[in-house]
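What follows is the residue order along each chain.
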Amino acid sequence: MTQTAPHATGAFVEDPDAPEYSAYGGDWSDIADEAARLAQQRIVVNMGPQHPSTHGVLRVMLEIEGETVTETRAGIGYLHTGIEKNMEFRTWTQGVTFCTRMDYVASMSQEAVYCMGIEKLLGITDDVPERANILRVLMLELTRIGSHLVAVGTGGNEMGATTVMTTAFVAREDTFRVIEMISGLRTNNAYIRPGGVAQDAPEDAVALIRKVIPQIKQKLDELADLQLENPIFKGRLKGVANLDLAGCMALGITGPILRSAGLPYDVRKADPYFGYETYDFQVPTSTDADAYSRVVLRLEECYESLKIVEQCADRLEQTAGQPVMVADKKIAWPAQLSVGSDGQGNSLDHIRHIMGESMESLIHHFKLVTEGFKVPAGQVYSAIEGPKGLLGVHLVSDGGTKPWRAHFRDPGFNNLQALSILTEGGQVADVVVAIATIDMVLGGVDR
Amino acid sequence: MSDSQDLTGTGAPQGGPQPGEREQITLINVREGMFGAQGDTSGYDLLVKPVEMPGASERPYGEWFDGVVDVLEELLGDDAAAAIEHVVVDRGELTLHIAREHLPAVAQHLRDDQDLRFEMCLGVSGVHYPADAGRELHAVYPMQSITHNRRLRLEVAVSDADPHIPSITSIYPMNNWHERETWDFFGIVFDGHPSLARIEMPDDWVGHPQRKDYPLGGIPVEYKGAEIPSPDNRRQYR
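Residue numbers (our numbering), protein chains in the order written: chain A, 34 to 480; chain B, 32 to 269.
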């Protein structure tokens with residue numbers, strides 16, 4: 034005898050008052066009794082997509098027995114916007130503006146990996162100027178700090194500690210202050226471009242970086258003091274949402290979750306890009322493999338990122354005035370932008386040049402901006418260490434001015450698969466902790 | 032890249048074999064006319080240019096590539112010639128074109144052999160090449176070895192009419208959602224997947240949106256009275 038109770042992953046029942054039973058022999062009253070008994074015990078709960086603790090647009094389907102979760106399934110796709118499809122209809126450079134909106138908490142990561150892929154397709158990886166790479170590293174590390182602060186902050190908020198969130202967001206605002214001064218925008222920057230970056234850092238950027246580093250450090254200390262020895266915090270997170278190394282490897286988990294299981298895998302060390310091999314930083318790991326250790330790791334990684342940011346500031350001083358875009362004028366975006374008091378805009382010098390001095394420059398500008406550059410046919414895969422794990426991109430070019438295919442391996446998409454194994458057998462309240470510890474952003478998951 | 036290099040070419044980068052010397056594998060696209068417009072603006076109408084992927088490479092492949100291919104061929108034994116259709120080295124990356132029926136065996140060896148040890152499959156990316164007759168749908172599997180710090184790519188091509196590829200979720204459980212996504216977007220059926228349901232699109236969606244014959248959609252943009260067609264209806268500088 035089998036019985037079809039409401040099932041977390043089952044089909045919709047049109048009339049909820051008419052239960053369906055499938056039986057293979059047996060007395061009918063026994064079947065009905067059994068069904069009634071099971072139906073009382075089986076409760077299917079939909080967490081989200083509107084529940085704030087599910088990061089907006091994640092649907093979590095739980096089958097529970099009392100307070101114990103027996104089955105978990107994540108439903109995604111609510112934020113699918115077809116970014117990859119849209120990128121096939123825009124030039125390679127315009128693609129930056131699209132992919133930056135995938136994981137909107139770590140915008141720079143997608144820009145960086147996408148441009149890395151284009152540069153590999155073009156064969157210009159080694160031609161990218163040093164200063165451009167320094168600016169990229171600076172932006173990536175500030176983004177990493179911002180992303181980790183959101184992970185830790187919202188994680189605290191979901192457990193009822195609003196101060197954790199406000200403290201984290203104040204520190205994140207400091208990272209945005211630097212990013213905004215350099216790129217003109219707080220998030221969704223489209224700053225990293227094929228061949229370099231959109232514009233050079235202004236002169237006073239280094240001073241601002243030096244000013245915000247101790248401020249961010251102080252907030253990080255505050256977050257650590259607030260949380261790490263708090264008995265409630267430890268009670269909620271220690272030994273919760275465990276995933277050991279074997280589980281991580283089976284599910285392809287990367288980033289802080291993998292490192293919390295003891296494997297110090299970090300693409301910045303394993304396969305350095307943008308000159309990461311020349312920076313002095315550590316990759317913190319833990320062997321506890323629980324939610325608590327991941328919070329600790331994220332905070333430690335923020336301190337390591339600050340070390341890199343400091344080194345970037347020194348190098349920016351040393352390389353002042355050097356180019357930030359490849360010399361090849363057939364690739365380098367012609368419109369050198371500038372950041373004015375009212376935001377990002379065209380560089381007046383450039384406008385004067387193309388409109389008043391050189392017709393050829395105007396033609397070149399027009400051709401490159403409207404048509405773009407051609408990328409030789411082929412495919413590449415490039416990967417970086419995003420804040421949430423290994424972020425990869427598969428790019429295919431048909432020799433034209435637009436990607437034939439751009440596919441992003443968002444670490445959140447992959448890591449969210451672990452939600453079932455992290456939560457099944459635990460308590461309902463631990464689901465919130467597990468979601469926070471995965472730290473996915475649904476914009477990146479759904480793309 | 033130096034200034035003198037021809038960016039419009041479709042061949043391999045400098046240093047590698049030139050197009051024509053390599054056996055061609057994938058026809059990406061056939062370009063007609065200029066600027067992708069219907070017909071040729073000059074009325075000539077005979078500009079037809081096939082665009083192909085960099086073709087098969089000859090030994091030695093360079094770096095660690097020869098060793099990995101050797102080990103894999105040894106493990107596959109008699110099936111090696113049938114399983115590995117082509118080996119392509121391009122832009123410092125190794126691509127193995129695998130016959131679909133041998134994909135699970137290849138994946139198993141890549142994961143388990145101590146000299147290969149590709150612990151992670153970084154997903155599966157579908158690509159649609161409508162011009163590549165009989166091999167329209169490609170599934171690309173980037174494989175990551177953490178032990179040896181290497182990355183290679185498996186590529187499996189199937190036809191539109193018979194879009195079946197064996198699932199490798201039993202070998203790489205991490206590919207579960209990735210295969211669902213590729214089914215959702217390209218309509219490639221991964222046989223043996225535990226639950227091959229749509230993942231990004233709604234369950235009752237019709238069609239597979241990332242295919243090239245699936246329109247982008249979109250509405251014209253109006254700005255201060257001027258109307259600009261939606262992106263897929265604009266004049267294309269392909």
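Hints are computed from structural coordinates only; laboratory data are not their basis. Any given hint could turn out to be false.
[Claimed, not checked] Here are the computed distance ranges between Cβ atoms for each label pair:
#1 Q351/A with V252/B: 39 to 47 angstroms
#2 V252/B with S380/A: 21 to 29 angstroms
#3 L395/A with R266/B: 53 to 61 angstroms
#4 S226/B with G99/A: 43 to 51 angstroms
Nothing here was measured: the structure is a model prediction, and the numbers come from that model. We put the CB at the ideal spot given by N, CA and C, even for glycine.
### Query
So which of the earlier hints does this model not fit?
3 and 4
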